[in-house]
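Peer 1: Each chain, written out:
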Amino acid sequence: GAVVSQHPSRVICKSGTSVKIECRSLDFQATTMFWYRQFPKQSLMLMATSNEGSKATYEQGVEKDKFLINHASLTLSTLTVTSAHPEDSSFYICSARDRRNTEAFFGQGTRLTVV
Amino acid sequence: DAKTTQPTSMDCAEGRAANLPCNHSTISGNEYVYWYRQIHSQGPQYIIHGLKNNETNEMASLIITEDRKSSTLILPHATLRDTAVYYCIVRVYNQGGKLIFGQGTELSVKP
Chain A
756 GAVVSQHPSR
766 VICKSGTSVK
776 IECRSLDFQA
786 TTMFWYRQFP
796 KQSLMLMATS
806 NEGSKATYEQ
816 GVEKDKFLIN
826 HASLTLSTLT
836 VTSAHPEDSS
846 FYICSARDRR
856 NTEAFFGQGT
866 RLTVV
Chain P
5 DAKTTQPTSM
15 DCAEGRAANL
25 PCNHSTISGN
35 EYVYWYRQIH
45 SQGPQYIIHG
55 LKNNETNEMA
65 SLIITEDRKS
75 STLILPHATL
85 RDTAVYYCIV
95 RVYNQGGKLI
105 FGQGTELSVK
115 P
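Same order as they appear, the protein sequences are chains A and P.
The numbering of the first sequence is the working numbering, which starts it at 756 and goes up by one.
The numbering of the second sequence is the working numbering, which starts it at 5 and goes up by one.
The set of hints was computed from the structure by calculation and includes no laboratory data.
Built from N, CA and C at the ideal position, the CB exists for glycine as well.
Zero decoy hints are in this set.
A partial selection of chain P residues facing chain A, derived with a Cβ cut-off under 7 angstroms:
(1) Q46
(2) G47
(3) P48
(4) Y50
(5) K102
(6) L103
(7) F105
(8) Q107
Below, in silico cross-link-like pairs of lysine-lysine (BS3-like), each with a Cα-Cα straight-line distance of 27 angstroms or less:
(9) A:K819 x A:K796
(10) P:K7 x A:K796
(11) A:K821 x A:K810
(12) A:K775 x A:K819
(13) P:K114 x A:K796
(14) A:K769 x A:K819
(15) P:K102 x A:K821
(16) A:K819 x P:K102
(17) P:K56 x P:K73
(18) P:K102 x A:K775
(19) P:K56 x P:K7
(20) A:K821 x A:K775
(21) A:K810 x P:K102
(22) A:K775 x A:K796
(23) P:K102 x A:K796
(24) P:K7 x P:K102
Working from the sequences, and respecting the hints, build out all of it.
Peer 2: Below, the structure written as structure tokens:
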């Protein structure tokens with residue numbers, strides 16, 4: 756299957772700082788990317804959907820000013836957690852789909868710990 | 005998108021077939037059934053998807069009932085590495101269709 760790479764796989768940051776997570780589609784053009792968050796022993800929760808060159812669409816209850824999403828190219832989307840707090844500590848996962856709109860492929864996830 | 009119902013957990017003996025059920029009684033005619041799995045602390049992995057015909061690939065088989073209200077994912081010869089949470093998702097096959105995850109089934113393959 757297609758490859759989606761996330762970076763970093765693990766990050767620790769101080770409370771009040773911002774952290775950027777990158778999601779790249781390595782062998783296909785991702786017209787649509789999705790960002791999920793997963794807390795321990797819970798399922799994935801969709802945060803937002805982004806289409807290349809457009810503003811992201813956020814799910815209800817997700818603060819768009821706190822979780823900045825940029826999808827400037829067909830192979831790269833970034834999620835920036837601004838002014839991070841300990842409650843933002845979570846597993847963040849991206850997913851990408853190409854123009855054929857078949858199955859979505861997922862990155863390996865980023866474990867964010869805010870101290 | 006239609007909601008799915010899966011058992012919370014299942015056990016399977018190594019080498020035996022694992023049959024994971026999913027109910028999607030409110031599925032619409034244009035919604036596909038997708039299966040993903042998530043091994044601990046990794047991103048979900050695509051397994052298989054189908055509309056109404058049974059499907060098979062190198063990983064698994066998907067059996068969809070004639071009324072499409074339920075389906076079964078079959079791992080023909082489960083190994084310890086198949087221990088994971090398995091998610092059954094239905095979604096419309098359209099531009100930008102998002103995948104909404106339920107709680108999934110935690111499959112434990114035991115020696």
